[in-house]
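Chemist: The lines below spell out each chain.
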Amino acid sequence: MIRFLSLGLWRDRSRSLFPLLTVIFGVMLTVVLFSWIKGFEDNFLQTNARLGSGHVAIMSRAYAAEADQLPNDLALTGVGGILERLRRDFPAFAWTPRIHFAGLLDVPDKKGETRAQGPVGGLAFDLFSTASPEKSILNLELALVRGVLPQKKGEVLLADEFAANLGIGPGATVTLIASTMYGGMATANFTVAGTFRFGAPAMDRSMMIADISTIRALLDMDDAAGEIVGFFRAGFYDREKAERESERFNNLYHASTDPFAPQMATLLHLSGMSQLLGWMDAMLGAIVAIFLTAMFIVLWNTGLMGNIRRYGETGVRLALGETKGHVYRSMISEAAIVGLIGSIIGTTLGLALAFYVQKHGFDFSGMMRNASMLMTTRFHARVTGTAFYIGFIPGVAATVLGAATAGRAIYKRQTSRLLKELEA
Amino acid sequence: MTGNHLIRTENLVKTYPMGLSQITALNNVSLVFGAGEFSGLVGPSGSGKTTLLNIIGSLDSPTSGGAEVLGRRIEKLSHREAAELRNHSIGFIFQTFNLLPVYTAYENVEFPLLLLKTPAGQRKKMVMEALEWVGLADRGRSRPSQLSGGESQRIAIARAMVKRPPLLLADEPTANLDAENSHHILQTMEKLNRELGTSFLFATHDEKVIGYLRRKITLVDGRVAKDETFPSPAGKGV
Ligand SMILES: Nc1ncnc2c1ncn2[C@@H]1O[C@H](COP(=O)(O)OP(=O)(O)OP(=O)(O)O)[C@@H](O)[C@H]1O
Ligand SMILES: [Mg+2]
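Sequence lines, in order, name chains A and B. The first sequence: position 218 = 198 (our numbering), numbered continuously. The second sequence: position 58 = 60 (our numbering), numbered continuously.
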């Protein structure tokens, strides 16, 4: 009987082709959108982690409370000891200290007078030691636009756009004016070794990157750091594990009342991102729901039309002694066949497209000019396991449900009228 | 139990509501049909022929009175049981041939056997045999759209006969056919009646059909007006 139904489907294109194309298109869109949003989420997390505060970050309790103000006067001290302990007891992460600072960048002319000036945000980390994971985490080589990476103390990198605005390039001398850990004023001259662009508008506008030892010396932060950031060695952010590990760490200091005791927070809590991710997840659910509804309506309609068109056929089958239940179930089987084949094709096409965008990315910098979030402008989709089956939910369920509701008309059919209807 | 009759109707009444009043389509019809008959219901339009065929074919149930068809009480059958009776024991032939358009002639004939879950090997044999009865063994691959009206109706006969039902009901089977094709399919049905012992019951006002009948029941306003039998078909060869 399945063979018989399949034959009918195959030969009657209006029974199969239109619904099939609808399913393929809908499923493909679902898979692509799903992967895109996943990719969006992933890019977002990854960018925030890299340029911000890692997958997890350790700060002093006091620093954490006002982290957005970069309160270096509240920074962690005794960083060397903490790092040693972290590397021993929390090996799932690559650990590295960072200092965020802010100040004024002054470009002097030959006479030492200000030629250009601008506020600057700074990030300092271990640039020179070979064990430092930072170069690969930040992909500095790739981010480099002009010049070279800093080779020795006193050399820094500037955001390419920022450097252009200041009218300088590699080799220029700049003066940083900032305040020390103890509130004093600090100034120092640096040489611009090169310029960078991360593809994150907030980073690329007025940013400076320096080696942590240089900044420690300038800001009186010997063996101190604003934060010690940790990156999953596995690469991706693992929400559950991050929560577990931070709880384990914080339990170690549970009894302490010291406001400068270290405290671990996860990416989600660091930047208030849990809300954002929750919102993204909700959006993802809504998109799938909208598709389900839209496809349901379209396929329900298709089922209804098919039913009307096949009124005669249904009548003959009932007259020949097929039960209503059997006719009804065969309609649903047909829908299931169409839904399944359509979902398989649609998922394949959708995955192909999603994989392509995962691999090659998609540049949308034009749309992101003024964004202040730490978001890359090159978008990559992310194909997750879910993408392999998500399309089957609307693809099969909506098709079958559509046929199931439309097919209910069969039960309203009166066999006593069949002969008369069939004469028409 | 049936014993010597295939169909027995007892004071069969069928009324349809019509606005405030009612239409009486069948009025106290009591008839008995034996096995192997070649009978027809005749009468003017609206006299109740199709209605009676419907009830005998378990497509409809009577308002009052009863009918026993192949040992089953029609008025007591559920939808399922009625479908099963049609599926197993009754063949239908319609005025418009009503072949399933996307299937080939062969597959159309095969369809009732699929419903009966006949095993594949046996199915093939039975389908080929049915196609041979109607002289279309070589047209199995054709689609209904490629068949003439006469051929279509012969395929419909093969479809009705393939499961070898004891009873075949035909409502105006020749209404859409020319004279030559009408005679052709009537001869085919007569042959099947003779060779397989299948009982045929027609509803018709076509003189050509009437010419082949061995029993002619005339309905007028839902009543049996005349019930005539002919030792040999009255108008054979017309
Ligand atoms: N479903 C129905 N609802 C209302 N009236 C009906 C219905 N079916 C049949 N009738 C009426 O019952 C009467 C008998 O109809 P029936 O179709 O049995 O006649 P018939 O002898 O087959 O006529 P024809 O030769 O035109 O096919 C007619 O008056 C018809 O209008
Ligand atoms: Mg009629």
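The set of hints was computed from the structure by calculation and includes no laboratory data. If you're wondering where the values come from, they're calculated on a predicted model, not measured in any experiment. Accuracy of the hints is not assured; some may be wrong.
[Unchecked claim] Here are the simulated SDA-like cross-link-like pairs (lysine to any residue), alpha carbons at most 25 Å apart as the crow flies:
#1 Lys304(A) with Arg67(A)
#2 Lys119(B) with Gln148(B)
#3 Lys400(A) with Gly137(B)
#4 Lys304(A) with Pro46(B)
#5 Lys304(A) with Arg(-9)(A)
#6 Lys18(A) with His340(A)
#7 Lys304(A) with Glu403(A)
#8 Lys221(A) with Ile157(A)
#9 Lys133(A) with Phe70(A)
#10 Lys126(B) with Gly(-12)(A)
#11 Lys132(A) with Ile157(A)
#12 Lys339(A) with Thr27(A)
#13 Lys304(A) with Arg74(B)
#14 Lys400(A) with Pro46(B)
#15 Lys119(B) with His185(B)
#16 Lys304(A) with Lys119(B)
#17 Lys392(A) with Val222(B)
#18 Lys400(A) with Lys126(B)
#19 Lys78(B) with Arg393(A)
#20 Lys193(B) with Arg141(B)
#21 Lys392(A) with Arg225(B)
#22 Lys304(A) with Asn89(B)
#23 Lys304(A) with Arg141(B)
#24 Lys115(A) with Arg41(A)
#25 Lys400(A) with Arg141(B)
Chemist: Go through the numbered hints given earlier and state which of them the structure violates, listing their numbers in rising order.
Modeler: 1, 2, 3, 4, 8, 9, 15, 17, 18, 21, 23, 24 and 25
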